[in-house]
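Protein chains: 2
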Amino acid sequence: MSDRIANAQLRDKVMSAEEAAQFVNHGDKVGMSGFTGAGYPKAMPGVIAAKAKDAHGNGQDYSIDLFTGASTAPECDGVLAEADALRYRMPYQSDPQMRGKINEGAMKFQDIHLSHSGMMVEQGFFGELDVAIVEAVRITEDGNIVPSSSVGNSVEFLNAAKKIIIEVNSWQSEELEGMHDIWLVPSLPNRIPVPISKAGDRIGTTYIEIDPSKVVAVVETDAPDRNAPFKAPDEVSEQIAGHFLDFLESEVQAGRLAYDGYVMQSGVGNVPNAVMAGLMNSKFENIQAYTEVIQDGMVDLIDAGKMTVASATSFSLSPEYAEKMNNEASRYRDSIILRPQSISNHPEVIRRTGLIASNGMIEADIYGNANSTHINGSRLMNALGGSGDFTRNAYISSFISPSEAKGGAISAIVPFVSHVDHTEHDAMVFVTEYGVADLRGLAPRDRVAKMISIAHPSYRPLLEEYVERAAKSKFQQTPHDLRHAFDFHIRSLETGTMKAEG
Amino acid sequence: MSDRIANAQLRDKVMSAEEAAQFVNHGDKVGMSGFTGAGYPKAMPGVIAAKAKDAHGNGQDYSIDLFTGASTAPECDGVLAEADALRYRMPYQSDPQMRGKINEGAMKFQDIHLSHSGMMVEQGFFGELDVAIVEAVRITEDGNIVPSSSVGNSVEFLNAAKKIIIEVNSWQSEELEGMHDIWLVPSLPNRIPVPISKAGDRIGTTYIEIDPSKVVAVVETDAPDRNAPFKAPDEVSEQIAGHFLDFLESEVQAGRLAYDGYVMQSGVGNVPNAVMAGLMNSKFENIQAYTEVIQDGMVDLIDAGKMTVASATSFSLSPEYAEKMNNEASRYRDSIILRPQSISNHPEVIRRTGLIASNGMIEADIYGNANSTHINGSRLMNALGGSGDFTRNAYISSFISPSEAKGGAISAIVPFVSHVDHTEHDAMVFVTEYGVADLRGLAPRDRVAKMISIAHPSYRPLLEEYVERAAKSKFQQTPHDLRHAFDFHIRSLETGTMKAEG
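Top to bottom, those sequences are chains L and P. Start counting the first sequence at 1; every next residue gets the next number (the working numbering). Start counting the second sequence at 1; every next residue gets the next number (the working numbering).
Please note: incorrect hints may appear among the correct ones.
Identical copies go unnamed one by one, so any copy, or any two together, can satisfy a pair.
Under the rule of at most 25 Å between Cα atoms (straight-line distance), these lysine-lysine pairs were calculated in the DSS-like manner [stated by the list, open to error]:
(1) K474 x K108
(2) K306 x K231
(3) K214 x K51
These are computed hints drawn from the structure, not numbers from a lab.
Modelling step: build the complete structure from the supplied sequences, incorporating the hints.
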């Protein structure tokens, strides 16, 4: 048995995942660790999926409601969705199997701000949580949990659940211990300020305290996280990143940002990678990240002495960087902090840090409303994630996206977004490969030209055409022609492209 | 000269409003006190409007950009709009003249979260502020300002402006002194937690400290606030209020609320009035309000010993209650606190108090997105106000509205809202006279039946018809038929009613 289970009482609970599956029953509400493919349980999802398939094969019902931190992996969200083992899922997903099941109507998905999700569990909005299944690096002598490569909503789940199953994963480095900072706002009516003023402030413990009497099983695993290979930025991504970096420079010139005052929040993807590469050779120094996930580029910035600290709730590394982190975690313990997502994404801390938010999107409209989640209004892509937490409370919020997708069939700028995740009141700056639309201080009508200027040229005439129609509205605060507001999307649904015929 | 101007240096600056108008020039950015018809300058807007008219009469340009706390009054927003004296206005308005000018395109309006508006001025997002015009109860010996019946964004404006004009209004009771609690979060990079844990915590000064050398004029006035007469709740409002109170009771039954744990945020209007009347005879005790405006009903609850404290940024009283407050302000100094709106509406404090938010709306859709601002997508009604600040950070957020308006021509529940101010991720509970739609924990498709159940019966078949069409979508996360999503609104624009013919 692994010497990572230092508590005698919990050593007695070690069993196989198959045995532990007895504790997860039809109709249960189950909270799992896991955030962007890091720190999710590796064994239990598979055996729960098998249990569901067995039940269904015998004509019995079996499904659970699954709560996590964010996305997990094929061997978690993927196998559970494929087995039709889920009735309901929140707050984020990005799995192809699961996306398919959601969009065909086979399971329900609720898209919740990541900063709200654990809090809502604590507040009892979902009723009682039956089981928490949490991956650990090790179990301490006192029976507490040292989390692995993410924290997510694990603390809330472990507090709320009637039963606890711990997966101790020996693939995860024991050196991660000391990197976590576990602190939750006390429950109502005793909430107090989160005592974090700077991204690097540590306020809690390096482990999650649990009630060991709730632990029904400890399962040993040795399996890697889902770490997606790093993709080198393409030309469009580099152009967008260039515009974003120019925007940062222009904020310095305007006296609204200091070269040593950049607090970064960044979504994941090609453009953020290119931004971080660009920062390596920029005038920005002492960069801090207060964000959701630690990416390869942040590790590089730390190594180069350009970034002093990165605070997040999870790693989201390439396999190469994950291995490096596993080997050298102790070296990064001063500069990387993993917090509960209720803290990494907490509105109050985000606002306090004065961070500049930068997130991807599916589409934005001519007035600056943004859609992060749905294709053509109905089809779920991934989900909202923390984009709302950061956008709403950032010093400056920005959205970055190529101006078109699917080989030009989809425009990122449309007359009316088919789903609103971030309103015109929240989004400030949009960036595509054609430049920056800075909407700060602008009434709706003054935003239109800026948004069209960053649209792909092939879509500008169609957008202008819509603006001309809309200008005939009797009401000029936010001129629209609702008869044609969704023409781009309807064309896309009917013909496969947002482009007009002829 | 009034003995309310206790500072000798500033006594030398006393002049008429007409004389002070020399300091407000074409193209200026002007910040004024004022929030929901309380505490706005009474004299300067009129003379600025006259100056604009004179200039226009002489063929000259004259317009300013106007920033306030929220709405003001006919003698402020009204006269300025009527004189075409405004190029740009933020963050809220509710004036008929101004609404008309905005919707006809004669001026620009930007609708900004009230908690963000002062902060954005401080952050320099609008460039330099030229003039701050602020109403005071009195000027202290040290040259500081005791604000009057609202605080709004006055502190940010006074800090940011190059020139200051103070209106000392002897209509406002000197007894208001001591009721204000003036504290701002220090500027970046020195932001710290707001040290408020409970609605009643006092953390600042009772006056606004200013740089007296920036004061260019002091103007004496004696004029009442715009205080709208109290309207007794009608039958529909009482039904809605009854459902809302039942909902609070059900939260107690579910263990999610205590009878002495209700922290109230409330919009203004008939339904809130009815809710507060209902609370008088309820089991709820020691109610606290952490809200934007102090309303008649809160004063009644305080008088009855049902409410321990009400924290806001402004009064919004009937003339009768305003007179009472002016006469007995000292009696309410322990139970009423007026704060800067950046604090009354601060995300971090809202979340910390665990308040239950309750705001009006124009329409909501079958998936729980809410529109607070626009008729048929284009026509501005009032603005967002603090509804987003509270909805996003509340313990429970609710929207209350009659199920129909304009004698049945408008349904409050529609297939797709024509403007999104609060997304499906933010709004939790909707209440009409037909009941409560509690959307917590529900995926989009599970929300539809709940939302239709609170629609007016005459609109339910049309909504069902849309749902049937939408159900044919290939994608089932949020089924829509974008060809017909705005049919309700298009009918309304074309025929004057959302009802179908025949």
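Structure-based check of all given hints:
Taking the shortest alpha-carbon separations for K474 and K108, only the inter-copy value of 15 Å comes in at or below 25 Å, while the best intra-copy value is 41 Å. For the homomeric pair K306 and K231, the shortest alpha-carbon distance inside one copy (22 Å) is at most 25 Å, but the shortest distance between copies (61 Å) is not. Taking the shortest Cα distances, K214 and K51 sit within 25 Å of each other inside one copy (23 Å), while across copies they are farther apart (74 Å).
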